[in-house]
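Keeping their order, the protein sequence lines are chains A and B.
For the first sequence, the residue numbers in my numbering are 1 to 133.
For the second sequence, the residue numbers in my numbering are 1 to 333.
Hints were generated in silico from the structure; no laboratory data involved.
Backbone N, C-alpha and C fix where the C-beta goes; we use that ideal spot for every residue, glycine too.
Among the hints, erroneous ones may be present.
As the list claims (entries may be wrong) - Now the in silico label distances, taken between C-beta atoms and shown as ranges:
| id | chain 1 | residue 1 | chain 2 | residue 2 | range |
| --- | --- | --- | --- | --- | --- |
| 1 | A | S31 | B | T100 | 57 to 63 Å |
| 2 | B | A99 | A | R4 | 20 to 26 Å |
| 3 | A | Q10 | B | D80 | 29 to 35 Å |
| 4 | B | G96 | A | A26 | 27 to 33 Å |
| 5 | A | E86 | B | D72 | 57 to 63 Å |
| 6 | B | E39 | A | R4 | 29 to 35 Å |
| 7 | B | S293 | A | R4 | 55 to 61 Å |
| 8 | A | S31 | B | L107 | 48 to 54 Å |
| 9 | B | S46 | A | V63 | 40 to 46 Å |
| 10 | A | G97 | B | K48 | 53 to 59 Å |
| 11 | A | Q10 | B | G123 | 55 to 61 Å |
| 12 | B | P251 | A | E86 | 44 to 50 Å |
| 13 | B | D177 | A | V63 | 38 to 44 Å |
| 14 | A | S31 | B | A274 | 23 to 29 Å |
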Amino acid sequence: MESRSIALEQETDIAVARNEVRAAAAGMGFSIVDQTRLTTVASELARNIIKYAVRGRVIIGTVQNDSRKGLRLIFEDNGPGIANTELAMRDGFTTGGGLGKGLPGSRRLVDDFKIESTPDIGTRVTVVRWLIR
Amino acid sequence: MSEQMTSTQARPVRVVDVLNNRTDELLDDWIKARLDSGEFRDELISKKELQTQSRQLVEMLAKAIRESGGRDFSDAAFDDLRTLLNELSRERAVKGYAATENASYILSLRDAVFPLLIQDMEGNIELLVSEMTYFTRLLDKMGLVMIENFINSREQIIHQQRADMMELSTPVIKVWDKILSLPIIGTLDSRRAQVMMEALLHKIVETGSTIAILDITGVRTMDTLVANHLIKTVTAARLMGARCVLTGVSPAIAQTMVQLGIDLTQITTRAQMADGIKLALEMSGRVVVSAKSLAAMTENIRTAGNESIKLAASRLAAHGTSVVDDNIQRTKG
Ligand SMILES: Nc1ncnc2c1ncn2[C@@H]1O[C@H](COP(=O)(O)OP(=O)(O)OP(=O)(O)O)[C@@H](O)[C@H]1O
Ligand SMILES: [Mg+2]
C-alpha cells in the first residue's frame, strides 16, 4: 500500500479519515477488534487536530520491521502545539471540556506511540499497530 | 502608465463585430456543433435552454469586450460575464455534467467564431492573427473559470451530501407504554449527538417515559466524543426520572472502550436490543411470560384450594383476564 495523505479541515473529514483507516487496516488483514482500535485512534487524533489546531493532515502508510508488518498513522498540524506533552498524556487532562482520554487512550490502543509538539510550531503524533501472524 | 500595468492596452476589437452582427449564424453553428459533439446531454439540459444560455453568453461577451476596449479577462468589464459563467458551471455541477464537458462548451465557441472572423477580415492576415490570439486567450480564461468553479461547486455538493448523511434523522421510538428506544446509526458528530440527545429528552417529557433504550448496533466506531455524549444523555435522562439501558455494544467496541479508558459501568448494558426491551419491561414491573406457562400458572391457581391463591387469582382476573384467556385459546388451538 502506498502511503496517502488526507487533509483534515472540517468535522466531516474526521469521518473520511476514519473510513480510510478502517479500509487500510482491513486491507492489511487486521482483525475486527484491531480495525476498531485503529479507527478509534484515527477518530481521536483527527478530532484533536480539528478541535485544537483547526487544520492538519493524517498520513496512512505501512511499515516493515524484521518479519513484521504494521500500519502507521501520522497526524500532523501546524497548530498551537502542546506546552507540556507529559501532562496532556495524562488520563483526564483536558483543556477543551472533553474526557481527556483521547491521547492516553490512543496510546493504549496501539503498539507504538510517539508525540512531538512545539508550542506555536505544531504537533505530530505517530502511531503504529503491528500485524501478528 | 498605471493602466498599462494592470491590464493590456485598450484597442479596437473586430471580433466584436462578428459577435454582434452575425449572432444568429454564429449561434446556429455553435449549437449545431454542440448537439453533434456527443457531449450534449438532453437528459440534463433541453435544446431550448442551451440556445437561450448560449445567446446570453455571446451577447454578454460582446458587450464586455466592447466595454473593456479589448483588454483581457481580468478587466472589470468582464465581471458580469464572470458571474454568468459561475452560475452556469454551478448549475451544470448540480446537474451532473463532467468537468471536461463544461470546459469544451466554452472552448468550442472558437470553432464557430473563427470561420466568420476569417470571412470578415478578407485576407488582412496580420489583423486576423491578432484578433484570433486575443479571442483564444479570452476563451481559455473563460474555460478555466468554468472548470475552477465547476470543481468548487462539486466539492460543495459532496460536502453537503456528507453533512446530510450524518444528519440522518434519529427517530425516538415508543416501544411500550413509558419505554422509549433510540436506535443510533452511522456517524455521530457533536452536532448530531446534541440533536439526538435533545430529541430523546423531549420525548421522555412528552410521553412521561421512565426507561430509554439506547441501541448502538449501527455505530461502528465509539470514541471519547460519542462516549461523552452517551454519558451526558444518561445523566440528563436520570435527572428527569428516566433510566437508560445501552444495547448493541459489539465485542470489538467493548474492548476498545475499556482500553480507551471509558467507564461505562455506570450504565446498564445488554448485548442485544431484544435483551434491552426485556429488561426495560422488567424494570417497569412487567414480565414476559410465554402463553403456555401463563396457562399452566392459571391452571395451578385454579386447582389450588388455598384462600390466598384464590385471592391472587381474582386479582389476576381483574387485571387481564381477557388477554390471558385469549392467549390460552391461542396456545390450545
Ligand atoms: N493537536 C493538538 N494541538 C494542540 N493541543 C492538543 C492537540 N491534541 C491534544 N491537545 C491538548 O491535549 C489535551 C488532551 O487531549 P486529549 O485528546 O487526551 O483530551 P481532550 O481532547 O481534551 O478530550 P477527549 O477525551 O474528548 O479526547 C487537549 O485538551 C489539548 O489541550
Ligand atoms: Mg481529544
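Cross-check of the supplied hints:
About 44 Å separates the C-beta atoms of S31(A) and T100(B), a value inconsistent with the hinted range of 57 to 63 Å. Range check, A99(B) to R4(A): Cβ separation about 22 Å, and the 20 to 26 Å hint holds. Distance hint check: the CB atoms of Q10(A) and D80(B) are about 32 Å apart, consistent with the given range 29 to 35 Å. Here the CB-CB span from G96(B) to A26(A) is close to 31 Å, well matched to the stated 27 to 33 Å.
A hinted range of 57 to 63 Å for the beta carbons of E86(A) and D72(B) is consistent with their spacing of about 58 Å. Range check, E39(B) to R4(A): about 32 Å between beta-carbon atoms, so the 29 to 35 Å window is met. For S293(B) paired with R4(A), a C-beta distance near 60 Å keeps the hint of 55 to 61 Å intact. S31(A) and L107(B) have their C-beta atoms about 53 Å apart, which keeps the hinted 48 to 54 Å range intact.
Against the hinted window of 40 to 46 Å, the Cβ-Cβ separation of S46(B) and V63(A) comes to about 56 Å, which falls outside the hint. One distance hint, 53 to 59 Å for the beta-carbon pair G97(A) and K48(B), holds here, with the actual separation near 57 Å. About 59 Å separates the C-beta atoms of Q10(A) and G123(B), a value consistent with the hinted range of 55 to 61 Å. The given range of 44 to 50 Å is broken by P251(B) and E86(A), whose C-beta atoms sit roughly 33 Å from each other.
The hinted range of 38 to 44 Å is not satisfied by D177(B) and V63(A), whose Cβ atoms lie roughly 57 Å apart. Checked against the given bound of 23 to 29 Å, the beta carbons of S31(A) and A274(B), roughly 27 Å apart, stay inside it.
Violated hints for the displayed structure, listed by number in ascending order: 1, 9, 12, 13.
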